[in-house]
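S.K.: Sequence:
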Amino acid sequence: MTATLPMAALANSSVIKAVGPPAGFGELEQPREVVADLYFGNRKVGEAWLIAQPGSVTFKDPAQLFKVLPELRASPEVMARLSGKLPDHVAQVCPVPGSTSCKPLETQDIDVIYDADRFRLDLFVNPRFLNVVGSSDAYLQPPTTPLSLTSSIGGAIAGSTQGETVYNFQNRTILGFRNGRIRSDSAYASDLGFIVDDLVAEVDTRQHRYAAGLFWAPGIDFTGRRRIAGVGFTTQFDTRVDHEALQATPLILFLSQPSRVEILIDGRLVTSGSYPAGNQAIDSSALPDGSYTLLLRIRAPDGSVREERRFFVKSSAIAPLGKPVYFAFAGLLANTRADRAISVSNTVYYQVGAAYRLNEKVAVDAAILGTEDKPIAQLGGWLITDVARVRAAALISGKGDKGVLLQLGSSGMSKLNFSLDVRRVWSKTGEPLIPLPTYVDNFGSVPPLGHSR
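Quick note on the UniProt record's numbering: the sequence shown kicks off at 1 and runs consecutively.
Everything labelled a hint here was simulated from the structure, so no lab data went into it. Bear in mind that the values here come from a model prediction, so they are computed numbers and not experimental data. There's no promise every hint is true.
[Stated by the list, open to error] As a list, the in silico DSS-like pairs of lysine-lysine whose alpha-carbon atoms are at most 30 Å apart: (1) Lys85 x Lys67; (2) Lys374 x Lys428; (3) Lys374 x Lys399; (4) Lys323 x Lys44; (5) Lys44 x Lys60; (6) Lys361 x Lys323; (7) Lys402 x Lys428; (8) Lys44 x Lys67; (9) Lys85 x Lys60.
[Unchecked claim] With beta-carbon atoms standing in for the labels, derived distance ranges: (10) Gly398 x Val364: 35 to 43 Å; (11) Gly398 x Thr165: 45 to 53 Å; (12) Val90 x Leu420: 41 to 49 Å; (13) Asp302 x Gly41: 53 to 61 Å; (14) Glu71 x Leu175: 34 to 42 Å; (15) Val203 x Leu332: 16 to 24 Å.
The beta carbon of each residue, even a glycine, is placed where N, CA and C say it ideally should be.
Using the sequences and the hints, build the whole thing.
M.R.: Below, the structure is given as structure tokens:
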């Protein structure tokens, strides 16, 4: 059976209504001034005076924010947003402040999360309202230390009772004085004797680097780097305070378990490091400038080893946002010959180019290089999205050589990662676009082509 109340009972029943806070607590709904710790990017940047009331906060002195946050764009639009009432988003307050488990507030404008219990205010700003950090205070001060010298030596010996002993000793030396240095890499090996890989004097100014001697010019996507005896000039970011954040072409690698990752160039171990499981950005700060193929060797704790090949392009390819890159190199191509410390050819090599990032997603670059009888021009661009990074480039030479390139790589932000490198070069003679160096080593054959003597 269903019981119902008579209409009279309903008419006389009381109705509970929310008419405000309990007696004596009315002041809680009144605006009040408080001082809160101001956080930006999960980092405390200062304090802020607020006018707080249930559901919203207002900055009492919004102009003060531009002093503690130089990243904020000083525009009427930003000032208007900071001057108005901002929802406090109290439902998104992190139970443990600073915990990585708490996701930042995604905003298309300017928003805050106000934790009234801890007097903490987290500010979230859409990138379009943020400035690019200027170069006026982004570089380290020139060193004032006296003459300094650092040198490292390493070696390897292998052999058997029935075979020839093979050895290789390598030395890296840097002689520095203030903002200049002399840098050398040399080796003494069986069947090769004493060989100098590079011997170069370099001077760094606030934004530029000048070089003279024997060194590696970065090259382009289709030719790779070349060693020359000559001079060079390029923009440099090594002395920037935030230089590690300016890396180009991040190496994103998925690891199913904690592993050690080794990076090899032309069969030589360049750097290695241990990384936890997951999508990892491999440190590429020790890799030289240029465009070349890397071998990533992943060693798991269970002893298994797998290898991946990646085509790598450093900062000369993708310019940092708001920082154009330009460079010029010229000299004679160099070989490596047994029992000759330095072997310079008579083949002239030159390379000039520039790169510029139009915005956060689009970058362009151009280069002209070649030898005395073959100029080569390359034009390329990058499209950087949340899903993938796309690189496209085209090449043409004065001898009728042509080339096209398309690279596609995942951003590393999802469980699925991919990498694609497709290129085609039409060489009129069937030979390399730029002559390859002649070299001899202990582990491989001599390439058929080399620079002229």
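S.K.: Please flag the earlier hints that this structure goes against, numbers listed from lowest up.
M.R.: The structure conflicts with hints 10 and 13, although it agrees with all the remaining ones.
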